[in-house]
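Take the sequences, apply the hints, and build the full model.
Protein chains: 2
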Amino acid sequence: MEPSCGSRGPGPAAAAVAAVLPAGGSGERLGGATPKQFCTVQGRPLVSYTVGAMERISWISHIIVVVSPENIEKMNSIVEKYGHKRVTIVRGGVTRHRSIFNGLKVFAENNFSNQLLQKPEVVIIHDAVRPFVEEDILSKVVMAAKDHGAAGAIRPLVSTVIASAADGFLDHSLERARYRASEMPQAFLFDIIYEAYQQCTDYDLDYGTECLHLALKYCKTNAKLVEGTADLWKVTYKRDLYAAESIIKGNLSQQVCIITNVKEDVAQVNFLLHESLKSRIKVEAVSVTLSKNDGQLQDIFSGQCYNFVCISDKKYAVEETQKLVDMLEKSNTPLLYPVVLISVHLDVSENTSCSIGMEELTRIKKFAREVKKKNILLYGILFQYKDCLLLQETVNSAAALILALIMDRNPELIGQLLVA
Amino acid sequence: MEPSCGSRGPGPAAAAVAAVLPAGGSGERLGGATPKQFCTVQGRPLVSYTVGAMERISWISHIIVVVSPENIEKMNSIVEKYGHKRVTIVRGGVTRHRSIFNGLKVFAENNFSNQLLQKPEVVIIHDAVRPFVEEDILSKVVMAAKDHGAAGAIRPLVSTVIASAADGFLDHSLERARYRASEMPQAFLFDIIYEAYQQCTDYDLDYGTECLHLALKYCKTNAKLVEGTADLWKVTYKRDLYAAESIIKGNLSQQVCIITNVKEDVAQVNFLLHESLKSRIKVEAVSVTLSKNDGQLQDIFSGQCYNFVCISDKKYAVEETQKLVDMLEKSNTPLLYPVVLISVHLDVSENTSCSIGMEELTRIKKFAREVKKKNILLYGILFQYKDCLLLQETVNSAAALILALIMDRNPELIGQLLVA
Ligand SMILES: [Mg+2]
Ligand SMILES: [Mg+2]
Numbered sequence: 001m002e003p004s005c006g007s008r009g010p011g012p013a014a015a016a017v018a019a020v021l022p023a024g025g026s027g028e029r030l031g032g033a034t035p036k037q038f039c040t041v042q043g044r045p046l047v048s049y050t051v052g053a054m055e056r057i058s059w060i061s062h063i064i065v066v067v068s069p070e071n072i073e074k075m076n077s078i079v080e081k082y083g084h085k086r087v088t089i090v091r092g093g094v095t096r097h098r099s100i101f102n103g104l105k106v107f108a109e110n111n112f113s114n115q116l117l118q119k120p121e122v123v124i125i126h127d128a129v130r131p132f133v134e135e136d137i138l139s140k141v142v143m144a145a146k147d148h149g150a151a152g153a154i155r156p157l158v159s160t161v162i163a164s165a166a167d168g169f170l171d172h173s174l175e176r177a178r179y180r181a182s183e184m185p186q187a188f189l190f191d192i193i194y195e196a197y198q199q200c201t202d203y204d205l206d207y208g209t210e211c212l213h214l215a216l217k218y219c220k221t222n223a224k225l226v227e228g229t230a231d232l233w234k235v236t237y238k239r240d241l242y243a244a245e246s247i248i249k250g251n252l253s254q255q256v257c258i259i260t261n262v263k264e265d266v267a268q269v270n271f272l273l274h275e276s277l278k279s280r281i282k283v284e285a286v287s288v289t290l291s292k293n294d295g296q297l298q299d300i301f302s303g304q305c306y307n308f309v310c311i312s313d314k315k316y317a318v319e320e321t322q323k324l325v326d327m328l329e330k331s332n333t334p335l336l337y338p339v340v341l342i343s344v345h346l347d348v349s350e351n352t353s354c355s356i357g358m359e360e361l362t363r364i365k366k367f368a369r370e371v372k373k374k375n376i377l378l379y380g381i382l383f384q385y386k387d388c389l390l391l392q393e394t395v396n397s398a399a400a401l402i403l404a405l406i407m408d409r410n411p412e413l414i415g416q417l418l419v420a
Numbered sequence: 001m002e003p004s005c006g007s008r009g010p011g012p013a014a015a016a017v018a019a020v021l022p023a024g025g026s027g028e029r030l031g032g033a034t035p036k037q038f039c040t041v042q043g044r045p046l047v048s049y050t051v052g053a054m055e056r057i058s059w060i061s062h063i064i065v066v067v068s069p070e071n072i073e074k075m076n077s078i079v080e081k082y083g084h085k086r087v088t089i090v091r092g093g094v095t096r097h098r099s100i101f102n103g104l105k106v107f108a109e110n111n112f113s114n115q116l117l118q119k120p121e122v123v124i125i126h127d128a129v130r131p132f133v134e135e136d137i138l139s140k141v142v143m144a145a146k147d148h149g150a151a152g153a154i155r156p157l158v159s160t161v162i163a164s165a166a167d168g169f170l171d172h173s174l175e176r177a178r179y180r181a182s183e184m185p186q187a188f189l190f191d192i193i194y195e196a197y198q199q200c201t202d203y204d205l206d207y208g209t210e211c212l213h214l215a216l217k218y219c220k221t222n223a224k225l226v227e228g229t230a231d232l233w234k235v236t237y238k239r240d241l242y243a244a245e246s247i248i249k250g251n252l253s254q255q256v257c258i259i260t261n262v263k264e265d266v267a268q269v270n271f272l273l274h275e276s277l278k279s280r281i282k283v284e285a286v287s288v289t290l291s292k293n294d295g296q297l298q299d300i301f302s303g304q305c306y307n308f309v310c311i312s313d314k315k316y317a318v319e320e321t322q323k324l325v326d327m328l329e330k331s332n333t334p335l336l337y338p339v340v341l342i343s344v345h346l347d348v349s350e351n352t353s354c355s356i357g358m359e360e361l362t363r364i365k366k367f368a369r370e371v372k373k374k375n376i377l378l379y380g381i382l383f384q385y386k387d388c389l390l391l392q393e394t395v396n397s398a399a400a401l402i403l404a405l406i407m408d409r410n411p412e413l414i415g416q417l418l419v420a
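Chains as they are written, first to last, in full-length UniProt numbering: chain F, 1 to 420; chain V, 1 to 420.
Just to be clear, a hint being listed does not mean it is correct.
No copy is singled out in the list; a pair is fine if it fits within one copy or between any two copies.
[As the list claims (entries may be wrong)] Derived SDA-like pairs (lysine to any residue); straight-line CA-CA distance at most 20 Å:
hint : residue 1 : residue 2
1    : Lys386    : Met358
2    : Lys365    : Asn396
3    : Lys220    : Asp167
4    : Lys374    : Glu284
These aren't lab readings, by the way, just hints derived from the structure by calculation.
Written out as structure tokens, the structure is:
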């Protein structure tokens with residue numbers, strides 16, 4: 001969408017909306033040296049998730065990420081690696097408010113050489129460490145800001161808030177129902193929040209934290225408060241990183257693509273496995289022999305599917321797996337996360353006392369270590385297809401292994417051949 | 001320690017201290033049917049972790065768990081299953097304050113037939129959904145309560161707190177530095193908090209949340225505020241369960257016990273594996289042939305080690321593993337969590353083109369499914385010991401697999417034979 005400064009249409013889509021993400025924090029509370037916005041979850045820095053959440057929304061025309069001077073280079077490489085568009089990196093100040101102000105100045109002082117950096121009607125301010133923000137709440141705060149000048153997401157208080165006296169004793173406790181936690185995103189008519197920052201004191205810039213407060217104090221704008229969901233929480237402590245990791249692993253495990261050729265003996269296993277997985281996860285089936293120009297697979301890559309199952313009746317054959325690896329590599333989609341690739345080896349031999357050769361196991365491990373360098377986690381599953389009576393049981397076992405491997409995404413287990 | 005009501009010694013150890021854990025909440029915020037105190041982490045309900053954290057502290061003479069009437073039976077079975085001692089289950093009221101009051105009444109109205117339920121000097125009040133409470137903070141609030149009548153743990157506010165006007169607009173925001181989040185544990189002189197509950201109004205009992213507030217309002221006792229650590233957080237949302245799961249898995253992965261016989265060919269692998277693991281985890285080595293009366297192993301069980309590695313040069317032999325399973329079963333220690341048991345099969349044959357028979361793999365899987373019923377997660381690692389040049393590499397690979405299996409505790413991967 002082109003910015004259309006000044007329009008007041010019915011939805012956020014009709015307004016020029018930009019976003020400023022302060023990402024200058026020092027991460028002290030995590031107890032580690034890495035500021036929390038640069039901590040990685042599934043190998044990807046949190047700030048990239050948050051930028052991604054904003055980018056997905058077509059009516060946000062531009063995203064300013066404000067980082068401290070020492071992290072500008074790091075942020076540049078993140079933007080490049082994850083293919084972020086519509087992002088400008090801005091040098092932060094020594095406090096959160098000074099950083100946000102720097103971000104806003106880019107729009108106010110832009111000489112219009114860059115069309116995208118034209119002053120927006122509404123600006124969203126959102127923390128880089130709140131990666132799970134959804135379009136719904138962004139739309140709500142933007143609409144409310146258009147109508148009322150300022151708006152912010154709120155949540156119920158989890159704990160009672162108390163005032164302490166100077167001597168470290170309880171002075172009084174607040175009645176919990178009357179107060180709310182002020183969260184992000186917030187949104188403002190650009191002219192209001194920029195005016196507030198221009199008017200405010202050095203004390204405000206150095207010790208304040210709340211943009212809503214500045215809009216009220218300097219522009220007499222009482223922000224509209226919008227109830228947000230629990231997803232808006234701020235990654236603050238180490239435990240929040242654990243939680244983010246689990247949520248993201250869960251999100252990555254929503255969909256699997258099954259690739260198979262359609263020989264008759266494979267078809268039944270394919271069908272049953274598909275059915276078994278379908279009850280617990282979205283399954284995309286690609287029933288073709290892989291070829292380099294396969295548009296269907298390319299669509300699936302672009303659709304952010306990070307889990308692939310290759311079913312092959314060529315025992316331990318790495319050829320088809322290699323083809324998929326090549327396609328992933330040649331696809332223009334940046335790999336935001338490690339891809340899980342599970343090679344299911346169908347053993348249809350009648351020989352009941354078969355065995356697995358160590359050389360083959362070693363070969364699979366070696367191959368897995370190679371493709372790991374391409375951010376692909378390769379695992380093998382051996383599927384013995386002999387006894388028709390046990391077929392459903394084996395299918396269920398294979399499905400459980402596939403789901404476990406997808407959920408865990410464990411890099412230490414690559415190259416292992418598991419038995420269904 | 002025997003309760004010594006009325007003593008005012010130098011530390012909590014000299015006071016009679018009891019604890020009341022309100023566990024009557026409905027868990028609405030988790031969005032699930034199970035109240036959060038009964039949600040399981042590694043199969044064990046959160047409330048059992050919290051009771052366990054209290055039980056470990058010798059100077060807490062008794063623990064009252066207050067649950068809603070429909071959960072009394074469930075709580076009884078938890079106490080039995082996890083072998084909790086010094087616990088009395090009390091029927092809760094319809095609100096948090098009414099539940100706490102019910103808990104306190106047990107001490108006040110006790111006719112002294114039960115010595116342990118004698119009125120304590122100090123009572124701790126702690127949430128059942130804050131499982132990571134440490135002795136340090138409990139000791140601090142108890143000491144402060146002895147000195148000042150009331151005390152409570154506090155934390156800095158994560159978000160700014162705002163007051164909303166009736167129309168849903170911002171009224172004002174609080175200056176973050178002047179306020180704190182009131183957390184748990186809290187502690188009180190029993191007579192003060194009991195007096196407060198007796199004096200307070202129905203409105204307080206129905207709509208209040210803060211015990212510190214009651215002590216101030218009805219007994220003019222300004223609580224001493226004690227800065228707590230981030231561990232004190234309350235499991236409130238689903239993401240908090242994810243975080244708790246990661247923390248507990250991390251705690252369970254601190255220690256591994258390696259069991260081996262000391263044949264010469266095994267000794268070198270044992271030594272190198274020990275060294276490789278030691279740099280990342282506490283290793284207890286038991287270099288004996290297992291026997292049923294082995295006191296050393298019994299001590300390790302009691303010491304809450306939940307990870308065992310059996311190194312054997314009998315390829316795929318389940319006998320030694322079976323012995324350990326039997327010992328775990330016969331030990332009187334209740335299994336609080338699933339035990340991870342990794343059977344490392346040393347293959348010292350000179351044959352370079354060896355293979356693994358499918359029958360053996362099937363046998364290991366079947367055995368693993370059997371011991372799973374005993375809450376033991378069994379995994380196999382095949383360790384090929386042929387080429388001296390590659391020995392260190394294989395050792396490192398085995399150590400990485402062992403750590404991954406211990407960290408993940410994945411029940412879907414039991415019975416698999418991984419190759420180091
Ligand atoms: Mg703010
Ligand atoms: Mg309270």
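Here is how each hint holds up against the structure:
1. Lys386 x Met358: Classified as between; 12 Å across copies, 22 Å inside a copy.
2. Lys365 x Asn396: between (25 Å within a copy, 15 Å between copies)
3. Lys220 x Asp167: Cα proximity of Lys220 and Asp167: across copies only (16 Å, versus 35 Å in one copy).
4. Lys374 x Glu284: neither (23 Å within a copy, 38 Å between copies)
The earlier numbered hint that this structure contradicts is number 4, and it is the only one.
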